[in-house]
Amino acid sequence: MGNLTIEYKLNVSLVLLLLAIPAIALMLDEPFYITLATKVVILALAGVGLNLALGLGGLISFGHAAFFGIGGYIAGILASHSLNAELMFTLAGTEFDGTTNMLVIWPLALLVSALVAVFIGYFSLRTKGVYFIMITLAFAQMIYYFAIAWPAYGGEDGLSIYVRNQFMGLNTLDPIIFYGICFALLMSVLLLVSKLKNSHFGSALQAARQNEQRLAAVGIRPFGIKLTAFVISAMITALAGALFADLNRFVSPDMFSWHTSGEIMIFVILGGVGRLFGPVVGAGLFILFEYYLGGLTEHWALFLGLVLLAVVLFARGGLVGLIAGEVKHD
Amino acid sequence: MTDSILKITGLQKSFGMLKATDDLSLDLRAGEIHAVIGPNGAGKSTLIKQICGELAPDSGSVEFLGKEITALDVAARARLGLGRTFQVSSLAMEYSALRNVMLAVQSVQGSSFKFFKSLAADQPLRDTAMHCLTEVGLERRADICAAQLSHGERRQLEIAVVLALQPKAFLLDEPMAGMGAQGSQRLTGFLDQLRQRAPILMVEHDMDAVFSLADRISVLVYGKIIMTGTVDQVRSDARVREAYLGEE
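As they're listed, the protein sequences go chains A and B. Quick note: the first sequence uses the numbering used here, first residue 1, plus one each step. Quick note: the second sequence uses the numbering used here, first residue 1, plus one each step.
Heads up, a few of these hints could be off.
Calculated cross-link-like contacts (lysine-lysine; reagent style BS3-like; alpha-carbon spacing at most 30 Å) [to be verified]:
id, chain 1, residue 1, chain 2, residue 2
1, B, Lys49, A, Lys128
2, B, Lys19, A, Lys128
3, A, Lys195, B, Lys49
4, B, Lys168, B, Lys67
5, A, Lys197, B, Lys114
6, B, Lys224, A, Lys197
7, A, Lys195, B, Lys19
8, B, Lys224, B, Lys19
9, B, Lys168, A, Lys9
10, A, Lys9, B, Lys117
Rather than coming from a laboratory, the hints here were simulated on the basis of the structure.
Kindly generate the complete structure, drawing on both the sequences and the hints.
Next up, the structure:
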């Protein structure tokens, strides 16, 4: 119980810190910090998605860039059609336009990523361990090369979005407002994931990680549980991708690359595999390293690598585990 | 035989040149304990795996409650009411004893796709699971993580999990393994009662337990059943003595 309380306190502190960042940035007269924090929040969201599959289900997906990129490209493609006043496509006599409305972009990103995740998951979840890692990587790389070779949407050069997409009439170009949108989404998803973790489904999912044979023996088919988790996980990461496109007002095939998959995985491992706020801590640390050490040396990733090494060797529960102790199931 | 709960007919399974299961037929009748014995390497584990669905036979069929289940997977067979325990305890090691049983209860309820209902707050489900733990005498260890339970306690927990499934037949793979004299005795008494709930097909090495429990015994040698009979018949059979009991 004592340990649970520490993790709870840590989580609350993190939420308060994220809430206070706009005020801190304004006080320090460093508005750029808000953009930096927005990046942390968005990348954390991508990590929260992966953490559902990796942390709870033990599914080591090395292809979550696919979903991150899908979210990004959906935002980019819809916005570019809308901004250029071009028709997207015509289907059965109905004309489909692009849009800059986030409330249309997000559901579409969720839908498309879910469909792709069903497809990828259906095949890759038949394998385990290193094969699963390789198959998810292969699928993501296929999409990466497809994006590069697709000239309609910028190919290798990517796609610019001149104005940030719209959300209920708010001025999304205002850093604080955009930060608020991203923060609210992250909090909602964290709430959802924490519910999921403690639900009947979450119990079956975590049992699938521990012992699939046991799960099947009580009559629950591990495949269905894992596929469902994989799809939800992909949808969350895709949502982060859509926000990331809006943050940078630019999407490129890099979003699909295996570097991106690796970075999302690093957030999870640094922060703590399977810990609710693990990816938040992980993404925060990653961006701090990138910003501060990146300002001092090009080789900042070397130091990040050392930290990652230390975490993997000495603190399996990541930084959250280091602070709050090991996970306890009731 | 109309009162066969489980019926295996002409089962064949080869691994390369090795015939692990060789035209094997046996059945399990209502209310009985049917023990399968045989020397090491006789193909007992292979048989169990084919009955519970972990391994597909090359040919032959498995019928359960009058239904052909040969093509069904492990989870489907479990849901039909085939409750098996493992030779080497197979549990969710990070979960407490209670949560291991709760997993079985939620499977029976078919509630594994409830995404928002808190498991810990589901009192009826907890109560049902606790009841099963109490039946095997593990209620005071309910909150202990499975990894921290003793070997014997894990075997008890496996039984509690299988009770929670409310099976139509029990499939026990060496339930006495590593139980110690006292534990075996207690478990023997427990299984004796259990057959009233559902028939038991068990593979077992412990001859004392087999002879005191089994209504029928099948002797498996090199993938073939060389005889099926009562305890007395098996004890006095010359082939069995030669193949298996010879050294005793």
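Inset, instruction - Mind listing which of the numbered hints don't hold for this structure, in increasing order? - result: Hints 3, 6, 7 and 9 are the ones this structure does not satisfy, whereas the remaining hints hold.
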